[in-house]
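*Asks:* Here are the chains, one letter per residue:
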Amino acid sequence: MKIRFDTDTFREILDSILRNKSRSFLTGFGVFWGIFMLMLLTGGNQGLKELLNKNFEGFAQNTCIAFADNTTKPYKGFKKDRSWNMQYSDVDRLKHMMPELETVTPSVSLWGRTAARDEYAYSSAVVKGVRADYALIETPKLMYGRYLNDADLAHERKVCVLGKKVYTTLFPEGGDPCGERILLGGTYYSVIGVDWREGGGVQINGSPSDMVTIPITQAAKAYNLGNNIQLLCFTAKPGFVMSDLTPRVREIMARAHYFDPTDEQALFLLNTQLIFGIVDNLFKGINFLVWLIGLGTLLAGVIGVSNIMMVSVKERTTEIGIRRAIGATPSQILGQIISESIVLTLVAGMSAIVFSVLILAGVELAMTEDGILKAAFQVPFGTAILAAALLTLLGVVAGLMPASRAMQIKPVDAMRDE
Amino acid sequence: MALIELKDLNKTYNNGQPLHVLKGINLSIERGEFVSIMGASGSGKSTLLNILGILDNYDTGTYTLDGKLIKDLTERQSADYRNRMIGFIFQSFNLIGFKTAVENVELPLYYQGVPRRKRHELAMEYLEKLGLTPWAKHFPNEMSGGQKQRVAIARALITHPQIILADEPTGALDSKTSVEVMQLLKKLNQEEGITIIVVTHESGVANETNKIIHIKDGIIGQIEENSDHASWGASIIK
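If you read the sequences in order, they're chains F and U.
The numbers in the numbering used here rise by one with no breaks, and the one at position 230 of the first sequence is 230.
The numbers in the numbering used here rise by one with no breaks, and the one at position 10 of the second sequence is 10.
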C-alpha cells in the first residue's frame, strides 16, 4: 500500500489538526513566532538602514574637509599657538599640485544671522558663502528654482538659496519664492531657489534647513572677509583613497602657510570616508545580529514544534496503536505525522509572514510624511518566498523525529493504555 | 483445515528477567466457532490473543491462519492481514476520541483505500445494524459504554473479517450491558457465521460461548464443550 495523497488523506490530516486545536496551536506558535521575528527584524533592519542612509543623502562619500586651527609646534622662527587662515588661493594651489583631487571648493559660514522679509524674520540663519561646485559636495534637494551658478559668482550677484526652515518662516504662505527679495545684514538678496533638505544627518557648518546660501565672492565683500576662507572641501577622483592623499595635502598647506607638516592640529582634516566606513561596518554588524537572532528564534521554534510533536505522539500512542491494529502500515503513520507537521508549519509560517508584512506596512504608514515614504520597511518578496520554502523543509525536519517515534509504536501498546 | 492452527507455540518476554509466558500451545479453532479463552491474570491469555491478532510475534512453533503461515511477516503484510482478516474488540473500546462514531467505523476502510462516500455508506449500514444510527454523528465521550462497545463492534465487522478477537469485551461494562454485548456477539456468530474468540476471566461471560479453553501458566488445560451453556458459574449472567 502506498502513501496516497488525495483529498481523502488531506481531510484526515486536517481533521487531526482541527479537532485538536490547542495542541495544534501550541505546535504552530513556535514556528509562527520564529518566522514573525525573522521577517520583522529583516524588514526593520532594512528600513533602519534606509533611514540612516537618508542622513547621508546628497553628501559625497569620499569628501575630506579641511580647516585651519592654531599651530601647536614652533616652526621656522614662528612660535607655537599662532593663528592662521586658509586663503582663497589655496583652492587653486591644491587643485594644481594634486591632480588626484576631483573637486576643491571653499566655503565661509556666518552663524546667527537674521534673514527678514517684510514682517517675517528668521534669526538663527547661517549665511554660507560657497561656489557653484559646492553642490558636488553637498547635493541640494531643490524644491524651487536653481542653485548658484558660475555667473552668480563672477558677477558677485546678490542672490541666495534658502534652507527649508528659512523658507517656511519667511514665506509662510508657501509658493514659489523665486524672484522675491529678502534682507540679510542690510543687503537685499533675491531668492533663486529653495533647498528642501532636512536638518539632522551629516551637515557642514550647520543644518541645511537653516542655510542661506550666497555666492562666496559676494559673502567676502559683504562681510569683509578678504581672501580668508574657513573650510576647504575636496573629493578624490575615482580610484583614489582619500586617506592616501591627506598627508600630501597637509604637506602642501604646511609649506604655503609656514607650519610644521607634522603638526596635526594646525590643519584639521576630517575624512568622511572613515566615518562612512564605520557606519558601513555598523550595519554589517546589525545585519549579522538580525540574522543570528532571527534564525535563532526560528530554530528555537522548530525545536519547539518537534518537542510538542514528540509529546503529542506520546499522547497519541493509543490513537496510533488503534490505527495500527485496524490496519495502518508504519509508513502510513509516518506519512500522516509528517504531513501534519508540514501543514502546521506552513500555515503558521504563512500567517506569520502575512502578519509581519501587515505590521511593517503599518510602520511604513507611520513613517510617511507629506505623502512621501521616508524609508521602505518591507520584506523583499524573494526573502518571503525563501522563508516559505525553508518552512516546508523545517516542517519535514521537525516532524521527522516524532514520526520515527510514532512508527515504533506497536499496536499492542494501544491496549496497555490504562 | 481449521481456521486457526497453533502448534507448539512458545513466547518468552525478555524484559530484564526472561519470562516464559506461553509454553507450547497447541490449539485449533474451526471456522464459525464461538470460543472463549479463560484464565487468571498472568496466565498468558492476553499474550495468546495478541499473537492470534498478529499484534505480537512468537518465538517458536507455528501459527496458521486460514491456511497462511503467520511468521516473520513484514509490517506491511501484518497490517494488511489485521485489516482484512481480523476484527478487534477491546476492553477499553479504543475508539479515537476526536472522531465521530461513523468516522471511527470508517477508519479500517480508509486504510483499505475505499473512497470516502462508499465507506461512509457502509459505515452507516453497520451502525444501523447495531441500532446506532441516531448516534452516528456523536463523539465517543458523548456515548455510554454499551454504545461505545457497539461502535467498536461495528468497526470490527466492517471489513468482513474471518475472526473477531474480543479482549475482555465486557470488562468495562455493567452487567446489564454486558449481557447485551454478549448476546450481540452470539447473534453475529449464529446469523453471520463469524468466528469469534473472546478472552475473559469472568466465567459468566465464558459460559455464553460454545467452547471454553482454560489456560493456566502458559499451558492449555481443559477444553470444555459448552454448547448447552451450563458450565459452572453460569448463574452470574442470565
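Honestly, the hints are just simulated from the structure, not real lab data.
Glycine residues also receive a C-beta, built at the ideal position from the N, C-alpha and C atoms.
Certain hints may be false.
Result set (DSBU-like, lysine-lysine): computed pairs, CA atoms no more than 30 Å apart in a straight line [claimed, not checked]: (1) F/410 with U/68; (2) F/21 with U/68; (3) U/23 with F/314; (4) U/68 with F/314; (5) U/23 with F/410; (6) F/410 with U/216; (7) U/176 with F/410; (8) U/23 with F/21.
A few chain U residues that don't get close to chain F, going by computed Cβ distances all over 10 Å [to be verified]: (9) 3; (10) 8; (11) 10; (12) 12; (13) 41; (14) 94.
To spell it out: a stretch of chain U is covered by chain F in this simulated footprint if at least three of its residues, at any positions, have a beta carbon under 8 Å from a beta carbon of chain F; those stretches are [as the list claims (entries may be wrong)]: (15) 83–91; (16) 213–219.
*Asks:* Within the stretch 213–219 of chain U, is the number of residues with a Cβ closer than 8 Å to a Cβ of chain F three or more?
*Replies:* With 0 residues closer than 8 Å to chain F, the stretch 213–219 of chain U misses the three-residue bar; violated.
*Asks:* Quick one: work out the minimum CB distance from residue 94 of chain U to chain F and report holds if it exceeds 10 Å, violated otherwise.
*Replies:* For residue 94 of chain U, whose nearest Cβ neighbour in chain F is about 5 Å away, the distance does not exceed 10 Å, so it is violated.
*Asks:* Do the alpha carbons of residue 21 of chain F and residue 68 of chain U lie within 30 Å of each other, as the hint requires?
*Replies:* 44 Å, violated
*Asks:* Taking the closest pair, is the beta carbon of residue 8 of chain U still more than 10 Å from chain F?
*Replies:* Non-interface label on residue 8 of chain U holds, nearest chain F Cβ at 22 Å vs cutoff 10 Å.
*Asks:* When you check the alpha-carbon spacing of residue 23 of chain U and residue 410 of chain F, does it fall within 30 Å?
*Replies:* 23 Å, holds
*Asks:* Next pair to validate is residue 23 of chain U with residue 21 of chain F; report whether the Cα-Cα distance is within 30 Å.
*Replies:* 48 Å, violated
*Asks:* With the threshold set at 30 Å, check whether the alpha-carbon distance from residue 410 of chain F to residue 216 of chain U stays at or below it.
*Replies:* Between residue 410 of chain F and residue 216 of chain U the Cα gap is close to 26 Å, so the pair holds against 30 Å.
*Asks:* Is the straight-line distance between the alpha-carbon of residue 410 of chain F and that of residue 68 of chain U 30 Å or less?
*Replies:* With Cα atoms ~22 Å apart, residue 410 of chain F and residue 68 of chain U stay inside 30 Å; holds.
*Asks:* Regarding the pair residue 68 of chain U and residue 314 of chain F, is the alpha-carbon distance no greater than 30 Å?
*Replies:* With a Cα-Cα distance of about 34 Å, the restraint between residue 68 of chain U and residue 314 of chain F is violated, given a limit of 30 Å.
*Asks:* Given the hinted pair residue 23 of chain U and residue 314 of chain F, is their Cα-Cα distance within 30 Å?
*Replies:* Since the Cα atoms of residue 23 of chain U and residue 314 of chain F sit roughly 33 Å apart, the hinted pair is violated (cutoff 30 Å).
*Asks:* Hey, does residue 3 of chain U actually stay past 10 Å from chain F on C-beta?
*Replies:* 19 Å, holds
*Asks:* Between the stretch 83–91 of chain U and chain F, see if three or more residues pass the 8 Å beta-carbon test, and mark the coverage as holds or violated.
*Replies:* holds (count 5)
In summary, the structure is inconsistent with hints 2, 3, 4, 7, 8, 14, 16 from the numbered list given earlier, while agreeing with the others.
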